[in-house]
Amino acid sequence: MRWNNNTSGFVLRRMAQLVSDGSRPNKVFKDKVVNYVAKALKEYSGEDLSPTQVYNHLRKWRQKWSRVCKLKYLSGALFDTDTNAIMLEGEHYLSHCKDHPKDADFLNTPIRFYSEMEAIFGHAMATSKFVVGSGEALWVNQAESMAAMAEGSASNHVCEEKTNTEVDDVNNVANALRETRPAHVDANLYLVIMEMYGFS
184 MRWNNNTSGF VLRRMAQLVS DGSRPNKVFK DKVVNYVAKA LKEYSGEDLS
234 PTQVYNHLRK WRQKWSRVCK LKYLSGALFD TDTNAIMLEG EHYLSHCKDH
284 PKDADFLNTP IRFYSEMEAI FGHAMATSKF VVGSGEALWV NQAESMAAMA
334 EGSASNHVCE EKTNTEVDDV NNVANALRET RPAHVDANLY LVIMEMYGFS
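Per my numbering, the sequence shown starts with residue 184, numbered consecutively.
All the given hints hold, so there is nothing to weed out.
Restraint-style ranges between C-beta atoms, simulated for each label pair: (1) D351 with S278: 28 to 36 Å; (2) K225 with E274: 43 to 51 Å; (3) N187 with T363: 38 to 46 Å; (4) K222 with G273: 42 to 50 Å; (5) M184 with L372: 24 to 32 Å; (6) L372 with N187: 28 to 36 Å; (7) N189 with D214: 18 to 26 Å; (8) L374 with K222: 25 to 33 Å.
Derived by calculation from the structure, the hints in this document are not laboratory data. From the three backbone atoms N, C-alpha and C, an ideal C-beta is built for every residue, glycine too.
With the sequences and hints as input, model every part of the structure.
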């Protein structure tokens, strides 16, 4: 499948519409919903694709959304709500793009499909794998994840203390994985954690 702006936009608009219609109970997209989008895209473009391809394509856009969220919080960045663009001043922009050339696609230019990504991924993030033993994709609520990470931290949320709590939480996960010696660890675990909204 060769995705282009036309087919990507079709999938993102359909998924965003399904979210706004409340067709994603409990933060989970059912197989029938993804099958519906895959079938609709086939009718629209003539491309025959599987639900897995739709999931994989959504994963790609989720990664873009994660990058956009991180860039919105860059020091000195301003978000233009009229054009959906993350704006940096000239020298700052050049310096950042020199160090991070892939970010140039998201800075000082309108972000393609921003509204659709926000509708789909703004309140929930998907993992890149199906839930073991079911045909559903797991969607993790960002607010719940961040609340869980913040649990046990002192009431005065000093940045330094937050950073220490995050590090402790990650160390706890790493230690638990070592102790249990799981037969299978998701290859994308690192990426999923590093792409969490608000995680440094």
